[in-house]
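A.B. asks: The primary structure of each chain is shown beneath.
2 protein chains.
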Amino acid sequence: MDIFKNLKNSVIVFDGAMGTMLQMKGLKTGECPEYYNITHPDIVYEIHKSYIDAGADVIETNTFGANRIKLKSYNLSDKLPEIVKSAVHIARKAAGDKAVALSIGPIGELMEPFGKLTFDEAYSAFAEVAVEGEKAGADLVLIETMSDILEAKAAILAVKENTNLKVICTMTFQEDGRTLMGTDPVTAIISLQGLGLDAIGVNCSTGPDMMADIVKKMSEVARIPILAQPNAGMPHLKDGKTFYNVSPEQFASQSKELLECGASIVGGCCGTTPEFIKLLKAEIHGTEKESIVKKYTAVSSNTKTVFIGGNNPICVIGERINPTGKRKLSDAIKDGNFNILFDEASSQENLGANVLDINIGVPGIDEEKLMPYVVSQIQNIVNLPLQIDSSNVKAIEKAVRIVRGKPIINSVSAKEKSLKEVLPIVKKYGTSVIGLTISDEGLPKNEEERLKNAEKIVKTAFDYGIPKEDIIIDCIALTVSSEQTAAIETLKAIKLVKSELGVNTIIGLSNISYGLPERYLINTAFLAMAASYGLDAVIVNPNDKITMDILNASMVLTSRDLRCERYIQTYKKDDKIGNIPNVTIEDKLKKDASQIL
Amino acid sequence: MDIFKNLKNSVIVFDGAMGTMLQMKGLKTGECPEYYNITHPDIVYEIHKSYIDAGADVIETNTFGANRIKLKSYNLSDKLPEIVKSAVHIARKAAGDKAVALSIGPIGELMEPFGKLTFDEAYSAFAEVAVEGEKAGADLVLIETMSDILEAKAAILAVKENTNLKVICTMTFQEDGRTLMGTDPVTAIISLQGLGLDAIGVNCSTGPDMMADIVKKMSEVARIPILAQPNAGMPHLKDGKTFYNVSPEQFASQSKELLECGASIVGGCCGTTPEFIKLLKAEIHGTEKESIVKKYTAVSSNTKTVFIGGNNPICVIGERINPTGKRKLSDAIKDGNFNILFDEASSQENLGANVLDINIGVPGIDEEKLMPYVVSQIQNIVNLPLQIDSSNVKAIEKAVRIVRGKPIINSVSAKEKSLKEVLPIVKKYGTSVIGLTISDEGLPKNEEERLKNAEKIVKTAFDYGIPKEDIIIDCIALTVSSEQTAAIETLKAIKLVKSELGVNTIIGLSNISYGLPERYLINTAFLAMAASYGLDAVIVNPNDKITMDILNASMVLTSRDLRCERYIQTYKKDDKIGNIPNVTIEDKLKKDASQIL
Ligand SMILES: [Zn+2]
Ligand SMILES: [Zn+2]
Ligand SMILES: [Zn+2]
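Line by line, the protein sequences are chains Y and A.
Quick note: the first sequence uses the numbering used here, first residue 1, plus one each step.
Quick note: the second sequence uses the numbering used here, first residue 1, plus one each step.
Hints listed in this document are in silico derivations from the structure and should not be mistaken for laboratory results.
It is possible that part of the hints are untrue.
The list cannot tell twin chains apart, which means a pair is met if one copy fits it or any two copies do.
As the list claims (entries may be wrong) - Calculated lysine-lysine pairs in the DSS-like style (CA-CA distance at most 30 Å, straight line):
| # | residue 1 | residue 2 |
| --- | --- | --- |
| 1 | Lys216 | Lys278 |
| 2 | Lys468 | Lys28 |
| 3 | Lys5 | Lys294 |
| 4 | Lys456 | Lys278 |
| 5 | Lys328 | Lys572 |
| 6 | Lys459 | Lys216 |
| 7 | Lys326 | Lys572 |
| 8 | Lys420 | Lys456 |
If we strip away everything but chain Y, and leave its shape as in the complex, we get:
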C-alpha cells in the first residue's frame, strides 16, 4: 500500500496519541507501553480502531519505545521480535484498507559525543525493529520524535538498508526552535531529506499554532512532503495528571493552517484523541496541495545550514586540514596525533570559514578507519558543515555515513571510474559533491572543455537521481606561471558553466599561484576576478587575511552582501572576520537532558 501515491490530490491524515490513550485505558507510570501489544492486545486494538473510525488514513503501531536497548530497562529485550510482530498484527487488523506505519522512536540514550551510544549500536537496534516490522506486514516506517539528526540518520539508513519500506522521519523541537541537540528545522530538513526519505516533518514539540513557524521554515527548503503531528497544546500538571490546553475544535482549525504553511500530511501527538482526529479530518476534507520544487544548494552541520549560490555569500571552504606538501601535518597524522588538525579546525572557524575541507591523505595510514574518526571528532569541535576530501572512495563513504549533517564530497570528476564510484555515494547519502572538470582525456584546455566535462558530470548525476543543485562545479584553475592564458579560461568557464548548466561553481586557490613569490597576491586577485564571474564557493586558506578581506569586498561588489551589511559590520568594529560565538550545545544539554530521558 503506497500512501504517497495519491498525495498530490489529497492530504493524508495520521492518527493521534497512543500513549495518552493507553494511560486513559489504564497504563500505569513505570509500565512498558509496548508490552501491552502482548499483554493487552484488545486495548491496543480498540485505540487503533477508534482512530480508524475517526477517519485516520494511517495508524501508527504501538512500538515507539520498542527497541532492544530501551526494552532492557524493562528486562524485555528478548521480547522485541514478539512485541513488534504483535503490534503490527493488531494495527493491521484494525486498519482495514488503511495503512499501518511502524513507529520507531529514539533509542532513549544520547549518541556520542553527547552520550555513549555509538552510531553502529543505534543502527543495529533500529534495523532489528524495522526488519521485524516489515516481516509482520507494516506498510511504511515512521521514525519519530527525533532530537539528534545523527540518530535519525542511523534509523533511516537502518530501515533503507534492511527493508523495502517507505520511510518518514519527524524531528521534535524545543521552545527555542531547535532540537535538544541544537538543530534548527531548516538544518534538519537539509541534513535528512536526501537520505531517501519519502516525507519529513515535525511531531510532538508544541501545539499546532506554535508549530506553524517550524513547518513554514521546513517548507522553504523541503523537497519532499512534510508531516506535522503537533501535541494538543502545551502540557500542564494538575492533581498529578497531565492536561493539554487545546480543544479538539481549536486543534482541527489550527492544524488546517499547518497545511497552508506547507504540510501535506497531518496528525496528532501527545494529548490528542480520536475526537481530535475526527474534527481534523472533517476540517481539512478535500484540501489539495501542489508541490513546488525548491531550487537551492545547501549543506549542513548539526546546528547550521550553509546556503551556496545565488546571492548567498561566497562559501569559504577552509583548506588547511590537508597534509599535501606539509611535513609537520603529515607526520602528525601518521603518528595519530590529531590535535593539530583539531586546532586547525577551530582556528579556521574563527577566521570565517563556512565549511571545512577534511583531507588526511598520507601514504600508509588506514584512511578508511581514520577518516570517520577524524570527521566525527571535528564535527564535535566546530559548528561547520564538512567537506570530505579523499581519493579513497571507501573512506569517503565511511565518513559521509557518520557525519551529523549534510556534507560535501570532494570530489567526483568526469572520469568514468570516478563517476561510477562516487555518484552512488552522493545519491545514497544525499550529499553535495564537487565536480572536477577533468576527464579521461586529462586537464581541460579551455572554457569549452570545462563545460563539456561539467555537462558530463551533471548528466550522469541526473541519471543517478542526483539534482544538479547538489553539484558544485570546479572549473579548475591551472598554474598561471606555466599556463598563463589558462586563468582567463577558468574565469570564462565559471560564467559559461553557470549559464549553460545552472549549477554552482567553486575553485581551489592552492594551485594557480604555484611557483610564484607572494602567492597570496595571485590567489587574492584571482578570487576577486572569479567572484565577478559568478563564483559561488572557494577552497581557501582563511588565515590569509588579505584574501579574506578582498573576498568580503568582492561580495559587496557582486551583491552577495546586500546593503553591504556584513562588510560594514566586519570592518567598522574592527572585529575578526566572521567571528562566530560558539553554540553552547553542552550547556544546553545540561539544562535540558532530563526532559527527554
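Given chain Y's structure and the hints, the job is docking chain A with the ligands onto it.
C.D. replies: Relative to the frame of chain Y, chain A with the ligands by itself:
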C-alpha cells in the same frame, strides 16, 4: 603645390646640405649663412639649382638659422623679413616646377627648464619666419634638426596657427639614440605626429646606415610619412676641415635601405652634395611605398612613451594631485604653495605610476594661469606623461599646449557641450582623451547606456578626425554603497565597450568605495575584477600598496605581464614596485650642451 599628393605612388627626394655647400663656396666660420640670401643670392641660387639638376623633388630654403633670436648674434634681427623673402625667392627661381620648403631650424637657445627661452618667445620667433615664408611663396615648411619636442611643438603650432602651409618636422638624435633633451624616436613620433604634421622624421644625426634603427623605430608607430635626411656619415676634422666618411655611392644604397625601414621621403644633411642626391635619386627610382595604419594607444612625456591597451600593462594613472576633499592640498594651491604637489608627483612616480593626473580645481584660483604653470613644473620633476584634469576647458588648452609630450585630457563626456568644447582641443593638440560615459540624460543606468554614451563620444570624435585609439572610455564606477548592482554593470560595460567599439577602457577608483570603511579593499577587489573584464587603465592612488600589489597580480592573471616577468622581478627582490631610476637629463645636458649651441 602639394608634394604629398603623389606620395602613395612614389617616394620623394629632398635636397642635400646647404651649409656644406656654402662653406665650399666660400662661407667663412663666423659668417651668417642666411645673410648670403642678400649678399650672395647667386651662390645660393647655384646651390639650389645644382640640387634641382641632381633630381631633388623639394629644395630647402637657406633659412635654417633665420629667426629673430639667432640673428641677434649677427645684429641682423631686423633683416629677418628680408632674409626669408629673398631665400624663398631664390629657391623659387631655382625650383622650376619642383617644391620649395621653408627651412626652420632650432632657435639656438635651450627652452625652459634646460635654458631660459620660453614657449611664447620661441613660438613668436617661429611664427614670424613662417608668415614671411608663406608670403614669399614657400610651398611647405620643414622644421628640422630639432632636439626638444617642446620647441618642435612651438614651431609646429606657430606654422599651423599662422599659415596654411603643410609642415614636416624632423628631429635629431645622438649616438645613444636619444635627442639631446633625452627624447627617443618613438616618443618623438608619439609626441608630435598628432599636431597636424604632414610628415615627420629624422635628419642630421648620423650617416644613413646608423639611421636605419631610428627610422625602424619611428616606423613602428608613425601614422604619417617618414622623412629621413642623414649626414654623409660621421664628421672627422682633418687639417681644420670637416670631412664625412660616406661616399655618394654608399649613401645612395644605404639610403635606399631607409625606405625599406619605413621612410618614404629621403634627402641629405651635413656633408651631402648634389652628387649624393643624384645617385640617391637614381638608386631609388620607381620605389613604391604602401602605408600601413598603425593601431595602438600611447601617450608620452619628454623621455618616455606609455602604451595603453592590448597586452600592455594596465596603465596606472596616479590620482593624488587632486584637491577634491583634501583640505590641506586645497589650501596649498590657494596659497600658491605647490611644493606639496611636486612632492606628490615625485612620490607617485616612485610608487609605480605610469601617468600622473593633474587636477588643481580649487574655487577662486586662476586655473587658466596656474594649470600651465603647475604642468610645466611637474613635467620637469617627473618623467611621466601627464593627464590634464579640469572642468575649465581654457585651462586644459593652455596646459596641453605647453606639455612636453602627448598628454591625456580628463575628460570629455557624451554631453553636447562637452563634446563641442573638448574634442577640438583633442584634435588640434593630438592628445588622448578620457571619454566619460555620462550624457545630457545623466549617469548611465546599465551597461547598455554606458555603451550608447561611449558610442556617441567615439562617433563624434571620428567626425572631428580623432582616431578611436586616442579615446579611453571610462565606464564609470558608481558608489556601491548606494547603487549595489551598478558595479557589475560597470564591469560588463568594460567588456562590451571594448568588443563593440574597439576602444580602450579606464576606471577611476575614488568613487566606488565612498561611504564604506576600509575603502582600499573595495577599490582593490574592483580593480582585480575590472582587470579580468579587460580594463586598460586605472586612476588610482599608487600609495595603496595592496591595490598596487593586487594590480600586479592581476596583470599576471590576464597575460598583461608575459611570463610573469615583472611580477617575479618586483616580488622576488622585494623592491619597491616599478621603482624607476631618474633619467639624468641635466647630467646629459652638461656633457653635450656644447655640441648644439
Ligand atoms: Zn508528543
Ligand atoms: Zn506522539
Ligand atoms: Zn646635418
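A.B. asks: Among the hints numbered above, which are violated by the structure, and what are their numbers in rising order?
C.D. replies: 2, 4, 6
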